[in-house]
Structure formats: C-alpha cells, structure tokens
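A.B. asks: Sequence:
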Amino acid sequence: MAASAGTRAGRPGPARARVRRPAAGTADRLGDRRRARAAARPRRGARRDRVPARPARGAGRRRLAAQRGVRTAAPGIRADRADAGRRRRDRVRDRLRTRRGAGAARSARDRARRQPARRRYRPRRLARPRSDPADPMTHPALHLRALEAGYAGPRPLRVLHALDLHVPRGEWLGVLGPNGSGKSTLLDCLAGRHAGTGTILIDGVSLADEPLRARMRLGYAVAPESLPAVLSGRECLAVHAAARGLDAADRPVLELAESLRLAARLDDPVATYSYGMRQKLGVLLALIGEPALIVLDESFNGLDPASSLVLKRHLRARTDAGRCGIVLATHALDIVERWVDRAVVLHAGRFVGEWDRVALDALRDGVGLEVAMAEAIGDRIG
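Each residue of the sequence shown is one higher than the one before, counting from -8 in this note's numbering.
Simulated from the structure, these hints should not be mistaken for lab results. Take these hints with a grain of salt, some might be off.
Across the chosen pairs, the derived CB separations fall in these ranges [what the hints assert, rightly or not]:
{"hint": "1", "residue 1": "Ala308", "residue 2": "Pro202", "range": "26 to 32 Å"}
{"hint": "2", "residue 1": "Ala350", "residue 2": "Leu222", "range": "42 to 48 Å"}
{"hint": "3", "residue 1": "Ala350", "residue 2": "Arg184", "range": "31 to 37 Å"}
{"hint": "4", "residue 1": "Asp347", "residue 2": "Ala199", "range": "28 to 34 Å"}
{"hint": "5", "residue 1": "Asp200", "residue 2": "Ala233", "range": "53 to 59 Å"}
{"hint": "6", "residue 1": "Glu249", "residue 2": "Gly313", "range": "20 to 26 Å"}
{"hint": "7", "residue 1": "Ala186", "residue 2": "Pro145", "range": "18 to 24 Å"}
{"hint": "8", "residue 1": "Ala233", "residue 2": "Glu345", "range": "25 to 31 Å"}
{"hint": "9", "residue 1": "Leu300", "residue 2": "Arg348", "range": "17 to 23 Å"}
{"hint": "10", "residue 1": "Pro145", "residue 2": "Ala350", "range": "38 to 44 Å"}
{"hint": "11", "residue 1": "Arg28", "residue 2": "Arg88", "range": "54 to 60 Å"}
Here a beta-carbon is modelled for each residue, glycine too, at the ideal position from N, C-alpha and C.
When you get a sec, could you build the whole thing from the sequences and use the hints?
C.D. replies: Take a look at the structure:
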C-alpha cells in the first residue's frame, strides 16, 4: 500500500489521452442535424416517394418540375416543341431509310458485277433441212430436234431425253428397244397424241405450230383395239378418206386390201374381224392419201406369213420410189435385218445404237442383230 502510495505520490503515472470536448453550443448543433436527418428518413413501413429517372408526362412532369424548382414552358409551347421533335425524328428516319435502300441497291449491283453472269438456257434454233420450197418431195419425212416427253403425276416420269432424228423420204427406219424403253411414247408424240417439248417437223411442217397440216401428212396405223367395232371396214376407210379431204379411199389402198385378202370382208362389221384382220385394216387406214410419213407400231403382229410378205413388199416399193418415209417400232429382228434401211436402238429414252444397211447385212452374216442389240443396251449374253 505504501509502495503504491509512494508511486502515486513520487512518480507520475502513464499519460492519459486527452479528450477534446466540443465547445459550447456544438452539441446542440449536432443534435439538430441528427434530428433533421432522422426526420428526413422515411419511417419503417411508410411509402417512399421515388423520383423517376425520366420525367413523367403531362401533369406529373409539371408537378416534378415544380418540386425541383424548374420553370416549365406553357402547354402550347410544349406541344410545338414536341411536334418539332417528332418531325425531326421522322426526317432522320426517312433519310436513313433512303440511305439503306440506296445501299442495298448498290450492294446488289456490286454483287451482280462481281459474280459471273449466268448463262440463260436458250433453245438452239433448228437448222432447216435443205429443201426446195417449190418441190414438196424434197422435204424430209421426219425431223426431230431435242424431243423430250414424260408423264405427270405424284411421281413425274420422264420417258424421252432430247432425241434427235432425221428420216428422209425413201428411208425405212426400224426402231428397236426393250419393253418400256419409250418406243410407243415416241410414236405417240409423232402422231400428236402425247405432248412433248422440242421440235417435230413432218414433211417440213411443224407439228406444234400447224398441227392440222402436219397430221394431214402423217399416216398412223390405228391399233386393232382402237377400231370402231360398230362400223364396217369400208365405212372406216370412208371416214379416214373424208378426214383427208378425199371422196373415198384411193385405188392403191383398195388394191392392197385385195392382196391382203381383206376386200371380201370390208362390208362386215369390225366386231366380226379377227386380230390379224384388224391389224390389216389399221395399216390400210395409215396408207390413205399418200402420206409423207408412215408410222407403224408392231403392225406385223398377228399377220399370216403371206399377208406379212405382201405388206413388206408394198412398203418397200413405196420407199424405193421416194414417196414416203416409214418409222416402224418392232421386236421382229428378222424384219429389221432384211427390210429396213436403218435401225436405231432406243433404251431408257435415249438412242444407244444405230446401224445402216451395210452394217445390218454384216450383222446378219456375223453375230446377228440380237447380240449387237444386247451389247448396245449393255446386257450380257452367254
């Protein structure tokens, strides 16, 4: 106790930090500030009046401006200013649209200049066959250029692909090919029974531009099942002759009917004819009026050997005289090997093989047309 007392009395203790007391009246001012801030704070649960980032419209904008002490313009002046701003924005928007449109057009022109020009498909002009307009006998019997044909439907099918063919007068052409190769479609296009694209000239007349004149120069063998059963054979001949502008069937046709042993049955209804007799009548109808082009589709099927030989000789005499051109679609290779002047093979709508008379004679003495046709199609034999 004495030591502690001596220490307290003799030695000074540790220095204490001096606390600066506010001057008189300062505490009152600090308290006033605290009370003012507390009064300015919103009470718990009370709604706080937030100032929007952007001034409100109408009365709200005027009230907010009044709270902030900002002077606002009169309503009329504000409306004028708003209209002026709206017009200014419209002018800027129109200017931007004009620039964008001009830029798009300019960019389109630039792209067109940079890109190579596309070649538009233009059908080539058909070179007219060399013929004398004053002499109809110099026109080719048939001229095809880029003939294409097909059938529409849910699954469109193209049958013929850009066929080119030239048959002059005095030529007998044989068209060979497997089933479904397009032979019947080709003949239907020649007869105008099936529409196709390309150029078809029959005796120098366009089938597309002048169908009536072109068909008057065409002789198409009527299929046996298409003959009218209620008419007689003579009535069928008279109807076809009248369609060609003739009073009756010409004499060569009647003489051929006599040679085919059909003249005795011409007055009987077609319904009583056999298949071979109908086949003969269909060929006779195709020969009426000396047509420039004769089209035959398997017309030798069902004929007896004697009638078949008579018909072959008659057709051969017509072509040798240069009176017409013949297009025969057939599967009879013996007729093609011995009687036609030229043969073509049609496969999948395209011509894949062709032989002239010299080549046909060589094939007849060699491997045969059957093997050559199979090789042209691509089938393997043996």
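A.B. asks: Each of the hints needs a verdict: does it hold here or not?
C.D. replies: Against the structure, the hints come out as follows:
1. Ala308 / Pro202: 26 to 32 Å: At roughly 30 Å between Cβ atoms, Pro202 and Ala308 fall inside 26 to 32 Å, so the hint holds.
2. Ala350 / Leu222: 42 to 48 Å: holds (44 Å)
3. Ala350 / Arg184: 31 to 37 Å: Holds, at about 32 Å.
4. Asp347 / Ala199: 28 to 34 Å: Given a distance of about 30 Å, which is inside 28 to 34 Å, the answer is holds.
5. Asp200 / Ala233: 53 to 59 Å: Since Asp200 and Ala233 have Cβ atoms about 25 Å apart, the given range 53 to 59 Å is violated.
6. Glu249 / Gly313: 20 to 26 Å: The hinted range 20 to 26 Å holds for Glu249 and Gly313, with Cβ atoms some 25 Å apart.
7. Ala186 / Pro145: 18 to 24 Å: 19 Å Cβ-Cβ, so the 18 to 24 Å window holds.
8. Ala233 / Glu345: 25 to 31 Å: With a Cβ separation near 39 Å, Ala233 and Glu345 fall outside 25 to 31 Å, so the hint is violated.
9. Leu300 / Arg348: 17 to 23 Å: holds (20 Å)
10. Pro145 / Ala350: 38 to 44 Å: holds (43 Å)
11. Arg28 / Arg88: 54 to 60 Å: For Arg28 and Arg88 the Cβ distance comes to about 55 Å; the hint holds.
In this structure, the hints that do not hold are numbers 5, 8, in rising order.
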